[in-house]
Amino acid sequence: MKPLKIAMMSMTHGHTRKYYQTLKENPKLEWIAVSTANDTVKQVFLDSVTGIPCYDSDEAMLDAHPEIEAVVLASENKDHLRQMKLCAERGIHILSMKVPSFDMEEYDEMIRLVEKNDVICQIELELHYNPVVVRMKELLASGAVGKIQSFNATNITLSPVWAFPWQGDPEKSYGRVEKIAEGDHRFRGGALCDHPHIFDMICEITDSDFDTIYAEVAPNIRPDIQVEDMLSVVGKMKNGVIFSLDPSWSKMEERLPVPGPGWEVFPKRMEVNITVNGEKGSLLTDCFGPNVYHNGLPNDRYTVQYTYFDEWIGLVDEFVDNIRNHKLPKINLARHKKTIAAMNAVYESIATGKVVKL
Amino acid sequence: MKQLQEKLDFLLKKYSVGRKAIIKNENCVNIDGKDIPLLSHRSERRFVELKNVAHNGTLKGISVMRSANIAVKGSDLSRMLYRELDLCQWILEDPIVSVFAVNNGPTMNVIAHTQGGLVCTVELSATLSQGQKPIDKHEIISQRGIACDKVVDTQIMQNSIYLYGETTQAYTDVDFELYGLEIPEIAVVRQAFAVAKNGNDAELIEADHRLERLVALAEASLVSGQKEVL
Chain A
-18 MKPLKIAMMS MTHGHTRKYY QTLKENPKLE WIAVSTANDT VKQVFLDSVT
32 GIPCYDSDEA MLDAHPEIEA VVLASENKDH LRQMKLCAER GIHILSMKVP
82 SFDMEEYDEM IRLVEKNDVI CQIELELHYN PVVVRMKELL ASGAVGKIQS
132 FNATNITLSP VWAFPWQGDP EKSYGRVEKI AEGDHRFRGG ALCDHPHIFD
182 MICEITDSDF DTIYAEVAPN IRPDIQVEDM LSVVGKMKNG VIFSLDPSWS
232 KMEERLPVPG PGWEVFPKRM EVNITVNGEK GSLLTDCFGP NVYHNGLPND
282 RYTVQYTYFD EWIGLVDEFV DNIRNHKLPK INLARHKKTI AAMNAVYESI
332 ATGKVVKL
Chain B
45 MKQLQEKLDF LLKKYSVGRK AIIKNENCVN IDGKDIPLLS HRSERRFVEL
95 KNVAHNGTLK GISVMRSANI AVKGSDLSRM LYRELDLCQW ILEDPIVSVF
145 AVNNGPTMNV IAHTQGGLVC TVELSATLSQ GQKPIDKHEI ISQRGIACDK
195 VVDTQIMQNS IYLYGETTQA YTDVDFELYG LEIPEIAVVR QAFAVAKNGN
245 DAELIEADHR LERLVALAEA SLVSGQKEVL
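Sequences listed follow chains A and B, in order.
With my numbering applied, the first sequence covers -18 to 339.
With my numbering applied, the second sequence covers 45 to 274.
No wet-lab data here; the hints were simulated from the structure.
Misleading hints may appear alongside valid ones.
Taking lysine to any residue pairs in the SDA-like style, the calculated list, with each CA pair at most 20 Å apart, reads [said to hold, decoys possible]:
1) Lys249(A) / Asp281(A)
2) Lys58(B) / Pro271(A)
3) Lys194(B) / Val285(A)
4) Lys118(A) / Tyr208(B)
5) Lys181(B) / Pro271(A)
6) Lys118(A) / Thr216(B)
7) Lys57(B) / Asp281(A)
8) Lys319(A) / Glu86(A)
9) Lys117(B) / Ala170(B)
10) Lys232(A) / Thr216(B)
11) Lys249(A) / Lys194(B)
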């Protein structure tokens, strides 16, 4: 199978650097070029990777490299529709970041674009390529806890807004400027927009869809940002399974302009812990543990050194397979639309103070 | 070994590695007809991360590395010592030059000294019942911080998944490409693949010879009751 000629756009997303190693080492890929959205991310890229042509605009890159077959949209949410249009109309396949759009009309336009131009569009929900999650799914599918009664999960991290400022910009993150609630100074676009994974995973694990959602936003632990950073979500699936989801930025961080050593204040910068309770028992899952630990430089703080997880290898392998064999990606736009609708329902519940029925 | 060989073949094919590699056992891979010793612990990610932390500026002024390994009854203490001594000198990037050892039944304790003046301690025992999982711990102590492969306030490895059903079970899966293998098996496949890909046969052969000498030195120390110097 000939290598897939791939490029990246924008380089503003927090996951950008996760692709470097895979794009360089995976023999199924030939990394052709990148386009950068601004001088800051351009310099970060040039400091990290050598030998890959770097362009100042998406159009310039695509014009210079008509051989590009696929693009990773490593961009802020607000740019996704424009870039999808740019790619789809040229017949270029798309790997989108985890939130294509929160605007449902935009979302439908993305689906139309992809179908009309017959390109593959896969959404990056990398948790599916985590070996612990694979085991969890196997155990639950085998009936290890019996009929599932509740699903409780955290997707809690530090806040990326200092290194990736668009994630603290309501318009660039959520797509428009909208108050989180009447009388509240904050806007939609914060921690929730960063954490779709557990909203997707619960549907797969319970084989059901969201029925009701109730959510509350708590006082920010970072009072100086414009968007929410702490929120709690509970509700019920259509099959009766209840859930509790925590998609907060509850791990405090140093305000570094570029992620690196010493970023964490709390020892573990990211946790996805899932507890599934059923008629026959309970299953506790730490998707990113165990690890190696230290309290070394630069800040002498006890720190988790992430040790095992390479989700991007499986994710990119599947993307290539989908393109070469013209398969509908598992995490496709239509499937993911329901996840985004549930996340919008969280914001609606916060705004109204009421349960939202989906 | 069949499952390990299948996984190795998968990696060789995926990454277009042309050399023929056959895993003979957990300690040996045959590459293009030549037996190469496997130091598979060097391919365990936790040890790779400890080595990174030791040398990437996270720790400063390393003083001691402590290791402990408790295995099932009947395990070969010499082979366990071989592994732990290699981990110490490989992670520290400082060769061991002297060894003092004491033993009592299926237990052995060792203090080793590196060329650069660091101290390594190794505590070994083969005292677990059959079926119990090995317990180990590796800790590096420096002027500026400690690194360890066990989380604070715990004595045994944590797992990724705990299942509390009719029985209690635990699972840890660490490699998406080699899903289904146990961590030590993954290390064997990863190292066999690395040797086939990188061609570092000579490095492993030399390390193996040196480790055999260190283990012999420890055995000599058990007899002499004195520190033995390489």
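*Check each numbered hint from earlier against the structure, then list the numbers of those it violates in ascending order.*
Result: hints 2, 7, 10 break, sorted rising.
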